[in-house]
Amino acid sequence: QVHLVQSGAEVKNPGASVKVSCKASGFAFSDYYFHWVRQAPGQGLEWMGWINPNSGGTNYAQKFQDWITMTRDTSISTVYMELNRLRSDDTALYYCARSVAGRPDSAMDVWGQGTTVIVSS
Amino acid sequence: DIQMTQSPSSLSASVGDRMTITCRTSQSISNFLHWYQQKPGKAPKLLIYAASSLQSGVPSRFSGSGSGTDFTLTITSLQPEDSATYFCQHSFSVPYTFGQGTKLEIK
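Protein chains in written order, with the numbering used here: chain A, 1 to 121; chain E, 1 to 107.
None of these hints come from the bench; they were simulated from the model. In this text, a Cβ means the ideal position worked out from N, Cα and C, and glycines have one as well. Incorrect hints may appear among the rest.
Chain A residues, not near chain E, derived (Cβ > 10 Å throughout) [what the hints assert, rightly or not]:
(1) 8
(2) 9
(3) 16
(4) 54
(5) 69
(6) 71
(7) 75
(8) 89
(9) 121
Label-pair ranges, simulated between beta-carbon atoms [as the list claims (entries may be wrong)]:
(10) 40(A) x 7(E): 18 to 26 Å
(11) 14(E) x 63(A): 36 to 44 Å
(12) 61(E) x 14(A): 42 to 50 Å
(13) 107(E) x 40(A): 24 to 32 Å
Please model the complete structure; the sequences and the hints are all you need to start from.
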């Protein structure tokens, strides 16, 4: 079965960093792009960027350009999203998702369960 | 950035009704438009990709249409389990923004 399983909830102080993982199973990891999308409490969906697990290439939304890093570890079929210099408005549910058909500009057909990140002092 | 205008923001309908949600983009995006359904506490679920292609496993009462800047999601014969929030999203150019969402209540 095709699955994306994300790491557990995190509580961080303002100014800290958080690294969320997303482990893929049931499909050829390197054949697909992965996206990160976040959702603040009671709000809509916000696309953050994508990573190509084959090359490690990334494309971030300009809003996050200076404080996000997406990486991957092909040996364990896992992608990571790290956010630095956290602020209270980074409190959100963070999702990883897979692109359809191995293209970054296609829809997202498989989603992780989400990881709650709470930023609070 | 491409702006997404999704309407209505909410609506209430009855079982068996037909419902349409619209999504308008600030510039032409060909057919790089997708629709998702999200239920409370759950991840979004892909319904329609490339404006009009039905994702595998999604009931045929869901359909999408449009090209360029104007798109619609239609649900015929609403069912109680269709109560959810629906989002459009484009993937024409980064950032791949989402619409604001439409909350559908089934009376």
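For each hint, the structure was consulted:
Under the 10 Å C-beta cut-off, the non-interface status given to residue 8(A) relative to chain E holds; the minimum distance is some 16 Å. Against chain E, the non-interface label of residue 9(A) holds: every CB pair exceeds 10 Å, the least being about 14 Å. For residue 16(A), the requirement that its beta carbon stay farther than 10 Å from each beta carbon of chain E is met, with the minimum near 25 Å. A cut-off of 10 Å between C-beta atoms confirms that residue 54(A) is not in contact with chain E; the least separation is 19 Å.
A cut-off of 10 Å between C-beta atoms confirms that residue 69(A) is not in contact with chain E; the least separation is 16 Å. The Cβ of residue 71(A) sits about 18 Å from the closest Cβ of chain E, beyond the 10 Å cut-off, so the non-interface label holds. No Cβ of chain E approaches the Cβ of residue 75(A) within 10 Å, the least distance being about 26 Å, so the stated non-interface status holds. Under the 10 Å C-beta cut-off, the non-interface status given to residue 89(A) relative to chain E holds; the minimum distance is some 17 Å.
Against the 10 Å criterion, residue 121(A) stays outside the reach of chain E, whose nearest CB is about 27 Å from its own CB. Taking the beta carbon of each, residue 40(A) and residue 7(E) are about 21 Å apart, inside 18 to 26 Å as hinted. Checked against the hint of 36 to 44 Å, the C-beta distance between residue 14(E) and residue 63(A) comes to roughly 40 Å, which is consistent with it. Take residue 61(E) and residue 14(A): their Cβ atoms lie about 46 Å apart, and the range 42 to 50 Å holds.
Range check, residue 107(E) to residue 40(A): Cβ separation about 29 Å, and the 24 to 32 Å hint holds.
This entry satisfies every hint, going by the numbered hints stated previously.
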